[in-house]
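Novice: Here is what each chain is made of, one letter per residue.
Number of protein chains: 2
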Amino acid sequence: MTEHSIGELIKELTKSSKDASRLLLNESEERINSALINMSELLLQQKEWLQNENKKDLKAGEENGLSGAMLDRLTLFDKTINSMITGLKEVAELKGSVGQIYDERTRPNGLRIYKTRVPIGVIGIIYESRPNVTVDAAAICLKSMNAVILRGGSEAFHSNTALAALFSKALENQGLPAKSVQLIPTIDRAAIEHLLRSEDDVDLIIPRGGEGLIRMVVKNSHIPVIKHYKGICHVYISANAEMEKALRIAVNSKVQRPGVCNAMETLILDSNLSQENRKQIITALLENGVTIMGDADTQALNSSIKPASEQDWEEEYLDLRLAVKTVNGMDEAIRHISRYSSHHTESIVTESAEEATEFLKLVDSSSVMHNASTRFADGGEYGMGCEIGISTDKLHSRGPMGVEDLTTYKWIVKGEGQIRE
Amino acid sequence: MTEHSIGELIKELTKSSKDASRLLLNESEERINSALINMSELLLQQKEWLQNENKKDLKAGEENGLSGAMLDRLTLFDKTINSMITGLKEVAELKGSVGQIYDERTRPNGLRIYKTRVPIGVIGIIYESRPNVTVDAAAICLKSMNAVILRGGSEAFHSNTALAALFSKALENQGLPAKSVQLIPTIDRAAIEHLLRSEDDVDLIIPRGGEGLIRMVVKNSHIPVIKHYKGICHVYISANAEMEKALRIAVNSKVQRPGVCNAMETLILDSNLSQENRKQIITALLENGVTIMGDADTQALNSSIKPASEQDWEEEYLDLRLAVKTVNGMDEAIRHISRYSSHHTESIVTESAEEATEFLKLVDSSSVMHNASTRFADGGEYGMGCEIGISTDKLHSRGPMGVEDLTTYKWIVKGEGQIRE
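Protein chains in written order, with our numbering: chain L, 1 to 421; chain G, 1 to 421.
A few of these clues could be false.
Intra- or inter-copy, both count: the list cannot distinguish identical chains.
[Claimed, not checked] Below, simulated DSS-like cross-link-like pairs (lysine-lysine); rule was C-alpha separation at most 30 Å, straight line: (1) K79 x K279; (2) K245 x K414; (3) K169 x K56; (4) K414 x K361; (5) K18 x K219; (6) K15 x K179; (7) K115 x K245; (8) K361 x K89; (9) K79 x K169; (10) K15 x K219; (11) K79 x K179; (12) K279 x K11; (13) K230 x K414; (14) K414 x K219; (15) K279 x K414; (16) K245 x K179; (17) K95 x K115; (18) K279 x K245; (19) K11 x K219; (20) K219 x K230; (21) K361 x K115; (22) K306 x K18; (23) K18 x K89.
Derived by calculation from the structure, the hints in this document are not laboratory data.
Chain L on its own, in the form it takes in the complex:
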């Protein structure tokens, strides 16, 4: 396809998404829920076809030398499909947000004024390899009555195309606009640039993937983007910590699933902790297979600890590796966090309520925790039922984003002929 014809293609696609989003304004959440349930049924009915389409991607992936881990992520196993089915049913059962009324007031002149939750409109999701994102992300966007434009990784193109087509079928079956879910029908990268410049028709872009993808999206987008680049999460263990909690939280935050954004990357130890206590914490981490890079005070605790460089404080290891910093009290801990945090999640372990209050107030991150593992920073764990992503931005939405985060509001003013004097 020529650059020009890709431009035309994306223009037509985004315009038809905008039209679909306008039609959705007049639809009910019940109907959307029926479409989500219908999609879960179609996934089961069409499993064989889906897995055949998936095989085309796997075959191409093998030929292109994808790693075993990559091929694994790409595969639509029975269990992958079952998990999509469960996800769809869970989203259908969630409480929706659209139509909620809040901030009501009646003015002295009798005007009744309130805000009501409305869909954002058209949401573009740009993601990498896993085809299940196609279903999960589309489900959450639809639940909030938005139209969605999907752009997955090129290596999953056949799988994603099949899944999006099923979704359109499920929508059509319920009399809903089929184009409420659309996948960009080309793997040409120029399509992404055109999408990111469709500010007249697309209201929000959510990139999901590695930092490189996200920076590319932010740099090129004329449309608001909600994102997080990375998760450099800190746990600060105060001299007022209860050791048993400190040990559990430090180990869990690092070890339970090190490859995700809410895992701890830097541990901060109060130098007012006894050396014995600090040794205990370091030993527990080492025994769990963690490689530690530390400052001089930390290195003194165990000979296996490597020296930490400036880069270690800025590093998202996503691995069983950890930077450890020693500070003289909470003020210094907060200064370190202010400087190096990615504003994702920070936790303090302390028995002092006063110290905890101060930490929760002064640390400027999307989630701040007291006596809890950073691994809890997650839509499911926060009780949202699902998650479209995590935001470290300050506007609109911060932290784990659920169904409500894909809505905005409008002001409704009801009068009986009032005019302004």
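Assemble chain G onto chain L, guided by the hints.
Specialist: Frame of chain L; chain G shown alone:
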């Protein structure tokens, strides 16, 4: 100053604003209120000095050939200063938002999770001629516990510098960080470009002024911008309207203050209204001095009506001029609005509750009204007490923006040592 040294200047300035914003996290709203009251006292005490500084701008303005209207807007009359004083007292008396707790939940594992309102951080305000914006905007930003960087019009530089210096003094008098309010200390336009690229330290930009200024800001900003380009507000008069209300609302929406963004720019008449009724409405507008551009059906009502071109539907006249469109029922009215509206404010006049509900649901604007003048779309009229601007964007804040719109939230998680299984 060289381009390089302006870059250094803005870097130092934005960094010191960020530092001030961090200090504000630990301050109380009471203290901020005291600073606002103190500022109102300083305005009175230093009135003579302020007016002398203002005279420097007026003298330069005269030499540069500013129009009488421009010089009038630039002048710090006694009444201008009194109105700033009243504004400061009103903002001090408003209920603040920071620290509010909401969306609380306790999870099955015992974690207590909630959102709390926090300041956004550092807000940049870029505006044009009126020096009173310096005080009004800084007051609202401070009330929400944000640091603010101001960049006013070059023709008001001495006045703005004096006002910002007084604000810093008022802050210092209360033991608050003086750099919470800073004015960019140069009129060089390169400073704006550097400010707009300070995404590490500045969290939000709000431009206030003409469409040209706003488009320049949006085009160059690496920082989120909240804005509206223009207000192309529509009033739709249905065949089910009560004529007395229709007449009052049409005239008030256009005539009461035509030069502002919430004035009506296009009137849409239902062709199912009797010709007599449509004539009445047109006559009332003409009698109020309005020049009307209309489609063929409208032109048939009065010989003084000029033909409307495509451009008239897209025009923000900001004057006693009006485009009038005739449609066959509400669906066509909504299609016209979808195509031409700037998503600021649209109003329907009808006695049919069903029709009103449909209009309020399907029109995708930041304010939608039933039987009320579009002129009510305003922070003061909505009961916010003050207004930092109006947003036609969809994310974060829509419509009139008050104190709460300059806050964001963070998630607080309180545990007793919970870890993730």
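Novice: So, for every hint listed, does it hold in this structure?
Specialist: To see whether the hints hold, each was checked on the structure:
{"no.": "1", "hint": "K79 x K279", "in the structure": "neither (43 Å within a copy, 69 Å between copies)"}
{"no.": "2", "hint": "K245 x K414", "in the structure": "between (54 Å within a copy, 13 Å between copies)"}
{"no.": "3", "hint": "K169 x K56", "in the structure": "within (22 Å within a copy, 70 Å between copies)"}
{"no.": "4", "hint": "K414 x K361", "in the structure": "between (39 Å within a copy, 13 Å between copies)"}
{"no.": "5", "hint": "K18 x K219", "in the structure": "both (24 Å within a copy, 23 Å between copies)"}
{"no.": "6", "hint": "K15 x K179", "in the structure": "within (10 Å within a copy, 46 Å between copies)"}
{"no.": "7", "hint": "K115 x K245", "in the structure": "between (43 Å within a copy, 24 Å between copies)"}
{"no.": "8", "hint": "K361 x K89", "in the structure": "between (38 Å within a copy, 28 Å between copies)"}
{"no.": "9", "hint": "K79 x K169", "in the structure": "within (23 Å within a copy, 66 Å between copies)"}
{"no.": "10", "hint": "K15 x K219", "in the structure": "both (23 Å within a copy, 23 Å between copies)"}
{"no.": "11", "hint": "K79 x K179", "in the structure": "within (28 Å within a copy, 57 Å between copies)"}
{"no.": "12", "hint": "K279 x K11", "in the structure": "neither (61 Å within a copy, 42 Å between copies)"}
{"no.": "13", "hint": "K230 x K414", "in the structure": "between (45 Å within a copy, 23 Å between copies)"}
{"no.": "14", "hint": "K414 x K219", "in the structure": "neither (42 Å within a copy, 36 Å between copies)"}
{"no.": "15", "hint": "K279 x K414", "in the structure": "between (66 Å within a copy, 26 Å between copies)"}
{"no.": "16", "hint": "K245 x K179", "in the structure": "neither (51 Å within a copy, 41 Å between copies)"}
{"no.": "17", "hint": "K95 x K115", "in the structure": "both (19 Å within a copy, 19 Å between copies)"}
{"no.": "18", "hint": "K279 x K245", "in the structure": "within (15 Å within a copy, 78 Å between copies)"}
{"no.": "19", "hint": "K11 x K219", "in the structure": "both (20 Å within a copy, 21 Å between copies)"}
{"no.": "20", "hint": "K219 x K230", "in the structure": "both (16 Å within a copy, 26 Å between copies)"}
{"no.": "21", "hint": "K361 x K115", "in the structure": "both (29 Å within a copy, 12 Å between copies)"}
{"no.": "22", "hint": "K306 x K18", "in the structure": "neither (55 Å within a copy, 34 Å between copies)"}
{"no.": "23", "hint": "K18 x K89", "in the structure": "within (26 Å within a copy, 45 Å between copies)"}
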